[in-house]
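> Single-letter residue listing:
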Amino acid sequence: MDILFSNVKELVAVAEKEQQPISEIMIRQEMLLTRRSREEIVAQMENNLAVMESSVEEGLKGVHSPSGLTGGDAVLIQNYMKTGKSLSGELLLDAVSKAVATNEVNAAMGLICATPTAGAAGIVPGTLFAVKNKLNPTHEQMVNYLFTTGAFGFIVANNASISGAAGGCQAETGSAASMAAAAIVEMAGGTPQQSAEAFSIVMKNMLGLVCDPVAGLVEVPCVKRNAMGAAKALVGADMALAGVVSIIPTDEVIEAMHKIGQSMPSALRETAKGGLAATPTGKALEAKIFGKDKESRDTVTK
Amino acid sequence: MKFRSVFEIIGPVMIGPSSSHTAGAARIGLVARDLFGRQPEWATIHLYGSFAETYKGHGTDVAIIGGLLGYDTFDERIRTAFEDAEKLGMTFEFIAEEEEMDHPNTAKLVIGDKQGVMELIGISIGGGTMEVIELNGFPLRLSGHFPALLVVHDDRAGVIANVSNAIAAQDMNIAHMEVGRKEKGKMALMVIEVDQVVNDALIEELRALPNVTQVSTLAN
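Keeping their order, the protein sequence lines are chains A and B. Once you know that position 113 of the first sequence is 113 in full-length UniProt numbering, the rest is easy, because the numbers rise by one and skip nothing. Once you know that position 7 of the second sequence is 7 in full-length UniProt numbering, the rest is easy, because the numbers rise by one and skip nothing.
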């Protein structure tokens, strides 16, 4: 079967040879692999973009999860930005708040677009809708942002993992942040190779991140990891645009992430048995949330 | 290649909170319903690994039931799937198993009604993507990305050729195919993923072939 790329080296090589952005290579590969038309593919991505935008808007109104563990932080950060006293800067905090907004909607069982997973769904839209205010992209460039994140995510998913249960949170928020960094670079006018450098720089700094959801819920620490993932994506993109390169090639970074994930004990892979989930407070919260009606939810036989 | 489409990475559009535990689980339920071919009256769902540990917090249980009711990953009715099932008179039970399976997110669905019972094992491999790895005791790999044909037949020479000829005559292309049998010369199962939607005429044609006992389809 025809395939344009299966790793980052091939992706960058094709983009450079054809003098096309990574997003365009992803669209063409999608046409090859799924035999769908460009129009269908672009329309589906436009729909995903619309869902992301409405999740951000919903979250910025202030939503709360049924468990009560998360909600309302996106609003707090937006209000803080308005005071003009922020240390890390408006754009970065805007991305952080919008990542939090999306993930708070996710925790509340709202409608979101997984990027690449639901647990990490805040980072790609959070960075996109923050960078939008700075770079004034066209609608097409915003859709292309998603294709570029998808190209890198496709490679990670096929060569490593994007599931917290398989590879820890480095595979989820780590992948999302690295994917977003690569797409920010493209939108800001960087080269395909600079996208790859941004991806590597961010992924290297998410390595080893465990998946330890308190009470097994996609809330603590997931929402705040989306916030920090968005921040790392922006910083990583800036570093690559400044000309900083990764000494370890991107595909080797991805392979390292995969091997780290495989060697993680299962307690740290989404089982809610280790890390923050196993702290005294984490366990107390689990008992409080599920202790009382545990049995009644197991069986319904009426 | 486990993942073929960019929309498995950017997507699915879904009800939160977990793509592997909620969206992937809903799809396992939905595929089971499609293969069963009708609304089951009862379901016993065995959960393994991470599914068993965290299914309540992730809504894995409501998602699987939602899938068995025909709801897709983005259907907001997933939230009320338990109540909806009760209204329809479908009973269900969840059993958290301690046994270790190869994949951390594994579910075994036993569903049925007065006419029959079906058993399916599905795994949620991340990002909302799932695979069926066993159907009624037959090991197989069914991604759910393509329309698929399931042909139960007697293990005899020529059956596979007859089936594939009938498919080729419709100008259809086979994307993936597996044949399994429990015992030499006894019952066998062909799982054929194709690029185009399967029409009723082809199903009727396959049913009429010698040694074919049952044909069902799974639309993409």
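The reader is advised that the hints may include incorrect statements.
[As the list claims (entries may be wrong)] Think about it this way: if two alpha-carbon atoms lie no more than 30 Å apart in a straight line, the pair counts; the simulated DSBU-like pairs of lysine-lysine are:
no., chain 1, residue 1, chain 2, residue 2
1, A, K259, A, K204
2, A, K204, B, K2
3, B, K186, B, K108
4, A, K85, A, K288
5, A, K288, B, K56
6, B, K108, B, K87
7, B, K2, B, K56
8, A, K259, A, K273
9, B, K108, A, K61
10, A, K273, B, K186
11, A, K132, A, K82
12, B, K56, B, K87
13, A, K283, A, K224
14, B, K186, A, K259
15, A, K9, B, K87
16, A, K132, A, K61
17, A, K17, B, K87
18, B, K56, A, K283
19, A, K273, B, K108
20, B, K182, B, K2
21, B, K108, A, K283
22, A, K224, B, K56
23, B, K87, A, K259
Bear in mind the hints are in silico, worked out from the structure with no lab data behind them.
> If you draw a straight line from the CA of B/K186 to the CA of B/K108, is it 30 Å or shorter?
Answer holds: B/K186 to B/K108 is near 24 Å, not above 30 Å.
> Compare the distance between the alpha carbons of A/K259 and A/K273 with 30 Å, and conclude whether the hinted pair is satisfied.
holds, 21 Å
> Between A/K283 and A/K224, is the straight-line Cα distance small enough, at 30 Å or below?
holds, 19 Å
> Has the given pair, B/K108 with A/K283, been kept, meaning a C-alpha gap of at most 30 Å?
Within the cut-off at roughly 28 Å; holds.
> Would you mind confirming whether the straight-line C-alpha gap from B/K87 to A/K259 stays at or under 30 Å?
It is violated: about 47 Å lies between the C-alpha atoms, which goes past 30 Å.
> For the pair supplied as a hint, B/K2 and B/K56, confirm whether the alpha-carbon distance does not exceed 30 Å.
holds, 27 Å
> Within a Cα-Cα threshold of 30 Å, do A/K132 and A/K82 meet the stated pairing?
Judged against 30 Å, a Cα distance of about 18 Å means the pair holds.
> Could you grab the alpha-carbon distance between A/K17 and B/K87 and see if it respects the 30 Å cut-off?
Outside the cut-off at roughly 60 Å; violated.
> Taken at face value, is the distance from the CA of B/K108 to the CA of A/K273 at most 30 Å?
Status holds; Cα separation ~23 Å.
> Is it true that the CA of B/K56 sits at most 30 Å from the CA of A/K283?
holds, 15 Å
> Can you confirm whether the C-alpha distance between A/K288 and B/K56 stays at or below 30 Å?
Roughly 14 Å between the alpha carbons, so the hint for A/K288 and B/K56 holds.
> Below or equal to 30 Å on CA atoms is what counts here, so check A/K259 against A/K204.
Between A/K259 and A/K204 the Cα gap is close to 13 Å, so the pair holds against 30 Å.
Hint compliance for this structure: hints 4, 9, 10, 14, 15, 17, 23 are not met, and every other hint is.
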